[in-house]
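2 protein chains.
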Amino acid sequence: MLNHKGKKYVCHLDLGMDFIRGKWKAVIMCHLNEGPKRFLELQRITCGVSQKVLNEKLTELEKDGLIFKTAYPEVPPRVEYELTDMGKELFPALDILQKWSVKHFSNL
Amino acid sequence: MLNHKGKKYVCHLDLGMDFIRGKWKAVIMCHLNEGPKRFLELQRITCGVSQKVLNEKLTELEKDGLIFKTAYPEVPPRVEYELTDMGKELFPALDILQKWSVKHFSNL
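Chains A and B are the protein sequences, given in the same order.
Read left to right, the first sequence gives residues 0 to 107 (numbering that gives the first Met the number 0).
Read left to right, the second sequence gives residues 0 to 107 (numbering that gives the first Met the number 0).
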């Protein structure tokens, strides 16, 4: 049994899965793999997930070290989100999942 | 937006992720990749998840076409669970997640 940040995991896979658990994190990371994105772009890409939920997921991904944000001193202010190296390392797993899904459910 | 079995998905990755969502499915599949396992073996490996929950997850994985079970006509009856070809195709993604987790959190 592993302990990490007050939570218990049965193995490293269980822990790894927790970083991308839920409906949005994997989808957000997959889009950030294409390059830096602004909040509104991410909201559009995720088909209108609420501002509150998107903000929550981005904050969690940032705290977990999978993404980082850069605030550019412009008017109006510009904030962009990017994958960290640790985040980029997870992309191949998401890519396999996506291609698997396309292969088996291309008719949807 | 994709529709599958009455649920909506923003993209194929979102759909693919849904097949291994939750705490147990990925862990179960990872162990089944080593070879067929009986219910009690899986319960032991998953550190004592309740019989009800394990049964629920196995039934969902079977309905989704990721695993199948074989009942051997023995006394006492023997039932073994295995990955289908479709299930085996997901293993490389789980393997990346597991190795990523070991790499970054080997100290736990």
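Treat the hints with caution; some may be incorrect.
[As the list claims (entries may be wrong)] Here are the simulated DMTMM-like pairs of lysine to aspartate or glutamate, each with C-alpha atoms no more than 25 Å apart in a straight line:
1) B:102 to A:40
2) A:102 to A:84
3) B:4 to B:73
4) B:7 to A:73
5) A:62 to B:55
6) A:102 to B:84
7) A:102 to B:94
8) B:62 to B:40
9) A:6 to B:55
Hint data in this document are derived by calculation from the structure and do not stem from the laboratory.
Structure-based check of all given hints:
A threshold of 25 Å between alpha carbons decides the hint, and for residue 102 of chain B with residue 40 of chain A the separation of about 32 Å lies outside it, so the pair is violated. About 28 Å separates the Cα atoms of residue 102 of chain A and residue 84 of chain A, which puts this hinted pair outside 25 Å; it is violated. Between residue 4 of chain B and residue 73 of chain B, the direct Cα distance comes to roughly 36 Å. Violation of the 25 Å bound is thereby established for this hinted pair. Distance hint between residue 7 of chain B and residue 73 of chain A is unfulfilled; the C-alpha atoms sit about 38 Å from each other, more than 25 Å.
Of the supplied pair hints, the one linking residue 62 of chain A and residue 55 of chain B is violated, its CA atoms being roughly 33 Å apart against a limit of 25 Å. Taking the CA atoms of residue 102 of chain A and residue 84 of chain B, the gap is near 13 Å; set against the 25 Å cutoff, the hint holds. Between residue 102 of chain A and residue 94 of chain B the CA atoms are separated by roughly 20 Å; this keeps the pair inside 25 Å, and the hint holds. With a C-alpha separation of about 21 Å, the suggested pairing of residue 62 of chain B with residue 40 of chain B holds against the 25 Å cut-off.
Our distance criterion of 25 Å between C-alpha atoms is met by residue 6 of chain A and residue 55 of chain B, whose separation comes to about 23 Å.
Violation of the numbered hints given earlier is confined to hints 1, 2, 3, 4 and 5; the remaining hints are satisfied by the structure.
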